[in-house]
Amino acid sequence: MAEYRVIGKDLPRKDSIEKVTGKALYSFDVSLPDMLYAKILRSVYSHARIVNIDTSEAEKLPGVKAVITGKETWGIRFGFVDTPRYPADQPVMAEDKVCYIGESVAAVAAIDEDTANEALDLIEIEYEPIPAVFDPEEAMNEGAPQIHGEQVPAPGRKCAWQDWGVARAARSFNPVNNIGAAVNIGYGDTEKGFAEADYIREDTFVIPRTNHTCMEPHGAVANYNPFTGYLDIWLSHMGYEVKRYWISKTLGIPIGKIRGHKVFVGGAFGGKAQAFDYEIIAALLSRKTGRPVKLFLARDEVFTSTNNSVALKINVKKGVKKDGTIMAQHVKLIGDMGAYRGSVPVCLFLCHSMRDAIYNIPNLTHEGVGAYTNKSTTMSKRGHGSQQMTTAIEAQMDWIAEDLGLDPAEFRLKNLRNKGDILPNRDRLNSYGLPDCIKKVVEASKWKEKRGQLGPGRGIGLAVSSMFNGSGYWPFTCASIIKMNHDGTVTLYNAQVEFGQGPTTTMCQLVAEELGLEVEDVNLVDGDSELCPVDYNNWLSGGMFVSCKSALRAAQDLKQQLLKVAAEMLEEDAEALQVMGRRVYIKSDLQEVVTFDEILRYSIQKHDGDPLIGKGFNKAVPEIEFYPSLSKGSGRWTDAYSFTAAVAEVSVDEETGRTKVDHIWVADDCGREINTAICQGQLQGQSVMGIGDALFEEVMFSEGRTVNANFVDYEIPRALDVSQITTIDASDPDPNGPFGAKEIGECARAAVIGSIVNAVYDATKVNVKSLPLHPEKIFRGLREKTN
Amino acid sequence: MREFEYLRVNTVKEACSLLSEHKEEAKILAGGQSLLTLLKMNILSPSYLIDIKFIPELNYMDFDDKDGLRMGALTNHRTVEKSPLLKEKFPVLPETELVVASVQTRNWGTIGGTLVHADPIGDMAPPLIVLDSRVKLVSSGGERTIPLTELFVDFFMTVIEEDEILHEIQIPPLPPRTGVAYQKFSTIEAGIKIAGAAVLVKLEDGVCKDAKIALSAVASVPMRSIGAEGILKGKPINDKLIEQAAQMASTEADPVTDMHATDEYRRELVKVLVRRATKMALERAKAAKS
Amino acid sequence: MERKLIKVRVNGEPHELWIKPNITLVDLLRNELGLTGTKIGCISNSCGACTVIMDGMAIKSCSILAMQADGKEVLTVEGLAQDGTLHPLQQSFIDHAAFQCGFCTPGKLMSAKALLDENSNPTEEELRRDMEGNLCRCTGYVKYIEAIMDIAQHPGKYSAKEG
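If you read the sequences in order, they're chains V, P and A.
To get my numbering, take the position in the first sequence, counting from 1, and add 3.
To get my numbering, take the position in the second sequence, counting from 1, and add 260.
To get my numbering, take the position in the third sequence, counting from 1, and add 56.
None of these hints come from the bench; they were simulated from the model.
Mixed in with the good hints, there may be bad ones.
[Stated by the list, open to error] BS3-like, lysine-lysine: derived pairs with alpha carbons at most 27 Å apart:
| no. | chain 1 | residue 1 | chain 2 | residue 2 |
| --- | --- | --- | --- | --- |
| 1 | V | LYS451 | V | LYS26 |
| 2 | P | LYS453 | V | LYS780 |
| 3 | P | LYS469 | P | LYS539 |
| 4 | P | LYS469 | P | LYS453 |
| 5 | P | LYS453 | P | LYS539 |
| 6 | V | LYS324 | V | LYS335 |
| 7 | V | LYS12 | A | LYS63 |
| 8 | P | LYS283 | A | LYS63 |
| 9 | V | LYS63 | P | LYS300 |
| 10 | A | LYS63 | V | LYS26 |
| 11 | V | LYS63 | A | LYS76 |
Between the sequences and the hints, there should be enough to build the whole structure, so can you do that?
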């Protein structure tokens with residue numbers, strides 16, 4: 004076991020002082036001179052033609068500086084997915100019709116929020132409602148209202164992939180029967196596999212939408228300088244490169260003139276990754292008025308008009324041998340896309356690829372469609388398909404084990420892949436801590452002894468999940484620069500975004516370890532597109548494995564330069580030298596030393612002014628360009644997988660069906676814990692988020708209207724809803740990770756949800772095939788069993 | 261929030277006078293823990309906001325053994341929660357306050373404001389009802405005192421006239437050998453209440469001399485379950501009787517189906533909560549002083 | 057709309073402000089006084105991110121009319137540290153890594169301070185119940201509870217003076 008100085012310690016977070024003193028600046032706090040406040044008028048119909056919009060009265064209201072509608076943005080399309088196959092389908096504001104309640108129809112910029120809101124009331128819109136459809140299966144039936152016509156790219160318009168270098172032109176797409184996305188992944192021969200199975204089980208699960216409920220609402224501040232053409236943006240986001248790209252593409256502002264500023268972000272969880280209509284609207288209003296514009300959404304708008312996690316109907320058919328060997332699996336998905344494609348084509352792919360590292364299934368078919376419905380869009384949420392699939396697969400694993408009289412833990416262990424395996428898509432499992440995760444969590448929780456033995460209304464359950472570590476997406480690289488300072492400290496420039504997950508601390512730890520420094524000696528300039536090199540930031544689960552690794556590489560580069568110069572100064576070989584405490588020593592003679600600042604001064608004087616700047620960069624998967632095929636699932640897509648095994652112990656009040664989670668154990672393979680306190684915090688946060696997903700979170704609709712768009716009716720766990728949480732480090736260092744580290748922010752949530760679902764089954768023996776396990780659902784299940 | 265004229269008053273008389281003058285164009289502001297949300301969302305837009313929060317004569321708590329408790333409408337929830345007097349005389353009230361909203365809301369929100377808001381899911385009304393509470397309403401023209409049960413008319417509607425304000429809550433002294441309990445159901449601990457039940461049991465010679473049962477969140481107002489009370493009264497309470505009373509309360513309830521629960525499930529919860537609250541009240545009655 | 061005068065002490069500093077009556081206390085703190093440490097996370101009086109201490113009580117500043125702060129003493133997160141020294145709760149939060157995104161942290165600190173000022177040695181259950189009004193999505197309600205309990209159980213841990 005390697006011993007490190009600063010790696011693996013729970014050192015204080017570098018953003019501590021700002022956050023505990025209230026000085027941390029979020030976009031929500033940004034205030035600029037002469038700033039205007041913008042509000043959006045939203046559709047009250049789920050499907051309607053816009054016959055007329057009259058903004059004249061609103062424009063006359065004193066204090067109103069600009070009013071815009073879809074007329075200004077007509078024909079502009081954007082979207083998380085904009086590929087040759089799937090053209091971007093989302094307008095900035097509704098044009099000739101609205102497709103969901105909450106869609107942006109008009110926007111006002113005024114001297115204060117009250118005036119902006121008053122102006123919204125003065126905008127007259129004449130709608131002609133048309134038939135709407137809310138259920139994806141109904142939407143796919145013949146005769147259902149067609150939400151979109153053929154999606155034809157505007158003449159000359161390149162899709163995003165083309166802009167990013169894929170030499171394939173965009174095609175038009177016809178969403179026949181409202182189908183807007185499809186996936187069909189397979190290997191082996193599932194028909195043969197099922198024929199060879201001794202036992203086949205098929206179950207269908209329904210996973211609803213949930214919301215991220217980040218504490219900072221969504222919003223943006225945009226400041227366009229009409230004289231220079233520069234646009235400054237402060238976003239509540241997960242990475243500004245995607246935003247810069249889309250603001251550039253939709254508004255024609257050169258990307259080099261769009262600056263994303265450093266801000267702290269009040270939570271993201273995947274819900275702030277894509278470019279949003281309100282960001283483009285804020286930039287447009289700023290350009291139109293020549294003044295800064297602040298546009299923040301109220302909490303109900305965050306629920307209705309940003310995005311929710313993807314709702315899926317998941318049919319799983321599995322064929323196994325009597326001894327538990329899995330022979331075949333066939334999964335069919337129906338995704339509820341909402342009014343625009345969102346990230347559903349990606350999610351359908353991820354539902355397979357997030358979990359393919361877990362079980363060795365020789366014959367597999369994974370097919371799915373996403374259907375348009377007249378509801379808001381859906382996107383990633385902390386796992387992006389992993390949570391939904393894990394619920395279904397892991398519940399069914401337990402039921403199959405029960406049907407065959409197998410131990411569920413042994414059943415899982417038996418079918419795991421092995422370290423070093425090459426997956427069907429040719430990803431390689433260079434690290435694979437999952438068996439250890441399972442063993443450790445089973446031991447810590449005493450799962451074997453407790454299963455079925457805890458008494459009436461009490462149960463214990465186990466589930467596993469996995470997660471990727473970055474993949475190819477714009478801008479396809481993460482890069483870092485480190486400069487030497489004259490006091491022997493260094494400054495790291497890296498664009499990662501701090502939304503709680505800790506990169507501002509962990510990347511400094513990596514650099515400090517490599518350069519023999521204390522973490523305090525590593526200054527950080529982060530999160531700013533002008534000051535930092537390019538980075539795809541923090542929504543692709545690559546913050547640690549890809550971006551922090553670029554910081555480590557920059558440190559390695561700088562170290563090499565330091566040692567080379569020191570070697571020259573000390574007349575030694577560089578291999579004979581080491582770094583420690585802002586100095587370089589000869590390993591064999593600790594008396595002979597030069598300080599970092601002496602080296603810097605020497606280099607500047609003797610090497611033509613060379614100030615010693617380290618550079619590092621990294622792609623998610625070095626060998627691939629661009630992407631795997633989303634629809635066929637072929638091609639490498641990530642260079643490492645993280646793993647979690649979780650156990651939950653629950654008590655179910657059999658008179659009411661209400662479940663209380665008593666204890667969660669979560670064993671996680673994150674390669675190496677760089678900062679133990681931050682890692683524990685990620686696992687604890689995911690565990691509690693999982694309690695919400697499993698037991699009560701659901702975005703509810705009535706005829707397309709979000710009925711629980713607030714924190715009263717959409718309940719998330721609070722301080723008394725939390726069980727004991729035991730976190731266990733079961734890391735298997737990855738040879739390609741920085742000091743072996745992999746991600747820890749997204750994997751555990753799915754395993755915890757699955758473990759709670761399985762624990763409730765152990766307690767009640769009620770087969771619930773939908774989330775959440777709301778008390779009434781369990782109550783009815785128990786009642787049916789008694790009758 | 262839309263604009264309004266802000267009027268702070270220091271006496272009940274002033275408040276009533278302004279209400280008489282402005283009638284339906286005015287709204288009373290006490291703690292505002294329910295009202296502010298409605299104002300911010302422009303669901304309510306009064307032309308006049310009469311701030312009574314700091315009227316000294318509405319903030320008091322007096323008890324005597326003959327008349328019982330007289331509590332000013334502006335007594336805030338946190339005071340009720342922490343009051344040694346209430347912990348001694350009517351312990352169910354401080355106990356119930358622990359599940360009302362959050363500490364921050366309880367620090368500023370008032371008991372009067374909550375009752376006037378008339379949300380049928382409110383936790384404080386059922387225990388106050390079974391304690392036989394009365395409320396005094398005053399206007400420029402006079403005053404009237406009515407049983408608390410008669411205050412509520414419908415969802416968020418009371419009998420309070422345009423020119424009246426709630427002045428005082430009165431609770432008669434708790435008789436000897438009496439126990440009171442409140443049980444609520446919410447999915448998360450501090451979540452929205454799906455059903456609630458308060459039960460008062462008074463024992464005499466081993467028999468239930470008096471029983472009161474009040475339910476929240478299962479009708480348009482907090483309601484008494486008279487039939488269920490009748491099942492308990494005059495008999496020695498045993499499990500079977502409790503079960504019958506719980507069943508009757510479930511039948512008498514008039515719940516709706518909404519996004520949180522079906523009416524059928526709410527009726528099932530009433531059974532469970534009445535059963536549990538009755539058992540608890542019975543134990544407390546047995547332990548109480550003669 | 058006619059502006060009205062209010063006098064309020066915030067973090068020990070007296071202020072006389074002419075404000076529109078239809079603003080909340082959090083608007084006054086953030087917009088009139090530039091104290092953006094106090095946050096707004098919802099519009100339904102549910103999340104507690106706006107918690108400050110007024111006359112010794114933790115209150116949600118988004119649901120109190122600013123006019124009701126007239127004559128009162130308000131303490132925000134910016135007023136916790138004194139003369140360059142962090143309040144013990146702030147230091148404990150750092151030592152326990154008790155925050156992640158930090159958006160709810162000011163509200164939590166103020167709730168915790170008000171609670172400990174009133175009850176210096178709560179049980180964990182009492183603490184959790186009293187923190188119910190502060191929503192958090194990042195931490196899972198573990199480390200900051202540990203941070204507050206640490207102060208409760210070791211009151212002299214960081215400094216002789218506690219604010």
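List in ascending order the numbers of the hints, as given earlier, that are violated by the structure.
Of the numbered hints, 1, 4, 7 and 8 do not hold.
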